[in-house]
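In order, the protein sequence lines correspond to chains A and B.
Going by the working numbering, the first residue of the first sequence is number 61, and it counts up by one from there.
Going by the working numbering, the first residue of the second sequence is number 55, and it counts up by one from there.
Keep in mind the hints are simulated off the structure, nothing from the lab.
Simulated coverage check for chain A against chain B, where a stretch passes if three residues somewhere in it have a Cβ under 8 Å from a Cβ of chain B:
(1) 89-99
(2) 102-111
(3) 166-180
(4) 340-349
Dumping the calculated DSBU-like pairs for lysine-lysine here, alpha-carbon to alpha-carbon at most 35 Å:
(5) Lys285/A / Lys159/A
(6) Lys285/B / Lys112/B
(7) Lys159/A / Lys143/A
(8) Lys209/B / Lys159/A
(9) Lys108/A / Lys209/B
Note that the coordinates shown come from a computational prediction; the quantities given were computed from them, not determined experimentally.
Beta carbons are placed, not taken as given, at the ideal position from N, Cα and C, and that holds for glycine.
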Amino acid sequence: MATLSEPAAGTHLTPPSRRGPIRLTRDGFGEITGRWRLVRYLVAADLKRTHADTALGQAWWLLDPILQMLVYYFLFAVIFQRKTEDFLLFLFAAILPWKWFSTTVNAAMNSVVGRQGLIRQVQFPKIVLPTAATVAETFSFAIGLIALAILFIPYHERLSIWVLTIPLIAAVQLVFSLAVAIVLAAANAFYRDVANVMGHLLRLLFYVSPALYALWEVPNEDLQKLMMLNPFTILLTAYRTVTWGTETVDHGTRPDFLALGILLAVSMILVVLAVALFKRVEPAFARIL
Amino acid sequence: MSEQPAARPIAVDVRGLGIHYDLRLTRRTTIKGSLVGLLRRNRNAPTHFWALRHLDLKMYHGEAIGLIGPNGAGKSTLLLALAGILEPSEGTIAIDGRVSTLLTLGAGFDQELTGRDNITLAGAFLAIEHDEMDRLTPSIIEFADIGAFIDAPVKTYSMGMKARLGFSIATAITPDILLLDEVLGTGDQVFRTRSQARVRELINRARVVVLVTHDLSYVTEFCGRAILMEKGQIIHDGDPAETVDLYRRRVRESKLLAEVDAERFAKPPAPKPAAQ
Chain A
61 MATLSEPAAG THLTPPSRRG PIRLTRDGFG EITGRWRLVR YLVAADLKRT HADTALGQAW
121 WLLDPILQML VYYFLFAVIF QRKTEDFLLF LFAAILPWKW FSTTVNAAMN SVVGRQGLIR
181 QVQFPKIVLP TAATVAETFS FAIGLIALAI LFIPYHERLS IWVLTIPLIA AVQLVFSLAV
241 AIVLAAANAF YRDVANVMGH LLRLLFYVSP ALYALWEVPN EDLQKLMMLN PFTILLTAYR
301 TVTWGTETVD HGTRPDFLAL GILLAVSMIL VVLAVALFKR VEPAFARIL
Chain B
55 MSEQPAARPI AVDVRGLGIH YDLRLTRRTT IKGSLVGLLR RNRNAPTHFW ALRHLDLKMY
115 HGEAIGLIGP NGAGKSTLLL ALAGILEPSE GTIAIDGRVS TLLTLGAGFD QELTGRDNIT
175 LAGAFLAIEH DEMDRLTPSI IEFADIGAFI DAPVKTYSMG MKARLGFSIA TAITPDILLL
235 DEVLGTGDQV FRTRSQARVR ELINRARVVV LVTHDLSYVT EFCGRAILME KGQIIHDGDP
295 AETVDLYRRR VRESKLLAEV DAERFAKPPA PKPAAQ
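Take these sequences, add in the hints, and give me the full structure.
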């Protein structure tokens, strides 16, 4: 009878004892680092899949951002007769990182829902899914930077040492994107409407961010201050400042490090909250998908 | 085959297990649906559904257990809980050893990737070490026996090919606790014979095998113990032949009851609604 009362060693599955947010966050980060090989494979799978069926294949990594830039260039430089100097560079410096964010959001929203078959089959930490989606989109952004480098051939007089701070700005954006990605991946699993709503919200966010225009062109100064609350005002302005310049400087110059620092701190808090939230609702995925 | 199970070490110990689904989340998957639900909420409508409740179950080393019962009895939910995919809503599950994954064959494949890539990805999802996976991959490919298709995207596969690859991956590692959900009837006759041989082999090597199936002949053939479930409860637990007999009797009885009910409701002016 001794064997009967002996507790079995190994896995113990207990009801979700209301784990605190700190514990949830620690678990979540532990899963991301502990299952990094899975994240890597998922990223590789994502990269392989994208453009896999197209004739031009990998060339689309470069063609996509360039064509998008040309569309806006045609609209503003040709139709609206906009007179901004070196307008192609002005546009591309902001559109490239914006595209990174919007594709990350879309990929993240599909990351959990798209693996529902697997979620009901295998026990694995679901947080790797939005993480891998975010990392995969970072690769396509990095490839887009090659297009930016090419653009500096005609605009070489604007090139400065500050262009080397792009990875720093990108790091801030990555942290912010990861927080958004994790939250939306979970939200879309519960309500598919999230993807529809986000399509419109992203478009709105794009137009209220200084991508097609610059912050100093906004006529109302109060409105300018209000716009600084938008993370993408800070980010896109920073990218543009280090590549194209500012209203007064016609080459790459020092970005607003204070604003970037504040955004980084806020984004880190957001990631912690996002991971805690994700871990909190994760057990429900297998039931609702 | 297990005359005195108490003498063997326990491999799975389930105590007071309950699993419920939140119907508010599973029924409606849109915000609109939830808002509409809030407006005209029927206070008496059940919000929770207990797929399993107050379930106590011990499994011992060396057992092959057949799990039978009608649809919706909670068999698959129990397997999902044992696999760790569903968290218990109440009660505990203690498991000694590595539990296999569940296989609803091929449902988890990435359609755009090749079979080979899917094998690698599956290994990472199952947390199998890279070296072990490298070692297993040739035998997985060999057993799946889908030829040159292994390097084609999975979306080009037939249902049978997906099932074969899925079965081959899921049974490549020998788990301590093997969970099988309706897998013995897949593929063509040749593959069916081979897969049954493989399941037999796994049953011999694994500590515990739990087999969910509607084909009752498998239960008497493969299992040394059978559990009959109905409405989230264990109705009977014991000898396979006995349990299968009981299940067959109950199915006949409920069919008879349904016929009686159908007759009663067929006549519209029933004097009284049937009180339960």
